[in-house]
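> Heads up, the sequence shown is in full-length UniProt numbering, so the first residue is 1 and it goes up one at a time.
Hints may be right or wrong, so weigh each one.
Here are the simulated distance ranges between beta carbons [said to hold, decoys possible]:
| id | residue 1 | residue 2 | range |
| --- | --- | --- | --- |
| 1 | K234 | P558 | 54 to 60 Å |
| 2 | E484 | L283 | 40 to 46 Å |
| 3 | D70 | N282 | 55 to 61 Å |
In silico DMTMM-like pairs for lysine to aspartate or glutamate, Cα to Cα no more than 20 Å straight-line [stated by the list, open to error]:
| id | residue 1 | residue 2 |
| --- | --- | --- |
| 4 | K10 | D43 |
| 5 | K41 | E484 |
| 6 | K41 | D602 |
The hints are simulated quantities; they were obtained by calculation from the structure and are not laboratory data. The beta-carbon is built from N, C-alpha and C at its ideal position, and this holds for glycine as well.
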Amino acid sequence: MKKDYADLAKKILQYVGGKDNITFVMHCATRLRFTLKDIDKADTKSIKELKGVIDVIIKNGQYQVCIGPDVIDVFHELNQLGTFTKQENDNSKEKKKIVDKFFEVISGIFTPIVPILMAAGMVGAVLTVLNLIGILPDTSPTYYVWNLIKEAGFYFLPIYVAYTASQKLGANPFLSMLLGGILLHPQLNNFEALGLEQLNFFGIAIKNVTYSSTILPIILSVWLLSYVEKFFNKICPQVIRAFSVPMLSTMIVVPIMLIVIGPAGAYLADYLSEFVQYLGDNLGFLAVGIIAALTPIMIATGTHSFAFPVIVTTLAMNGSEALIVPAMLAENIAMAGAAFAVGMQSKNKDVKAEANAATISALLGISEPAMYGINLPRKTPFYATIVASGIGGILAGLLGVKYYAIASASLVGLPANIGDGSIMGVVYAGVVIVVSFISAFVLTKVLSKKDETIEPEIKNAIKEDNKKIEIKAPCNGAIVKLTEVDDSTFASEAMGKGIAMLPEEGILYSPVKGIVKTIFPTKHAIGLLSDDGAEIMIHVGIDTVQLEGKYFTTYVKPDQRIKIGDELLEFDIEEIKKLEYDIVTPIIITNSQEYLEVLECDKDQVKRGETMITLL
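Produce the entire structure from the sequences given, and follow the hints as far as they go.
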């Protein structure tokens, strides 16, 4: 009798605490390995009693359900009930735009390994400084030991990328790392020592390519592995699946990787890097300026992820990068300058505090709070940032600013500008920082309307001591904790404290009496200011800015007076869901730092008009 894996998966999901209690799940040869938000919510006794479950083991923070050789079938059915892994749900691949999918995958692959590259890059920069000032000669054993951090960080890049790529592409992470290890194996390029004139596979020549520090070959190889694994998982009997799938998958993928994918990927990466170099050589300083001016727009729309592999490849090939990172430096600092101008111009102490915090963050390389919290909602500072970024980028190109290591494009990354036996790179980068900041500051001050950053009707509103301010629910829906929203900008509370909702209807009503502060150009978000002084931002969905206003209709305009229950905006919730955008809607108190407490309601579900947030 055929086993009912779907029913077993459904019951396991129920007894581990439901979808909301699962952070991540993977499987090994015999077990489902859950990372649960709260292990105490799991009904271990009931799971153990399920037919098909051998045992439950709680170890090293993992909740492990032992199934046996049928685990892969249960895992497959579990993923039909929701997306619990870091990899993409197969069904989404057909519906998501190819370009959106590409950028999402690239971001998911490289974000986790940034600490490795930061460590390698910054240690290399520090060693360069210590060597230049004569404290630590490059012949010193101490230098040699520390330099291993830099060398290993880049040399073994294919192995690091193999693991993160497997998480996004759905391949076995350890088989993926094995592929990376094969690309780096010393005998691959030292076959002469084995007495071989030419390395070949059944007579097909294998080109002699160096894969250290490469990225694209391993990503393409892991992508192939994900499909080959799925194929063999389907056709191999369960009795032999544990060893046959890894064996057959690697026997098929490795030759294809070495004969076709590896050389093609390496050459493509080289050509891409050479193209970037070509832009720099032929457009000169204008290339840096153009990229810098486009960077705020790319970051706002989430299309900037392509840059990272190009930066890494260029650094690995040339030892320096003089196009993309200098452009990002200009953008980060310009974003800080514009935010600082908003804070200086505003007479609202809440805006000042928020703008000053965002300025510091951008100067240190994290520009999202300045962009989303300050500049973009007010439009003019964002436009000023674009122009100032272009100015700073052109200057960076003229001065020949280069980065000799992976580092933050900010004040803290200045040591990475030291190279070629000179510290003048730091001076040139410093000039770009000053000019970008001042340009954005001046442009924002000049172009902004008087008191644009404050609200004239209620700018003198003063909150009474101990007065409770209630924020009503803008629609019917389920409550979601802000820290659980799948977007770091909101979940980190960088923009302010608040709550999130899963709307049941496609229309939002005003949660307060006050005025409309801002409406985003793409209509997916709206800023309000209550008569009590609370600043509220309602952001419909995650990444819905990419819809560019499609499916959104607004019923109010900036500076319009509103009362509780007035219609604000409408959105086609079903069409947005069909495109697989997360419809979770954060409601942020952007001046939450002014309040002693931001209290969320303790309900799982709220109706429109019910108190959702209380400010003390």
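> Check each numbered hint from earlier against the structure, then list the numbers of those it violates in ascending order.
none
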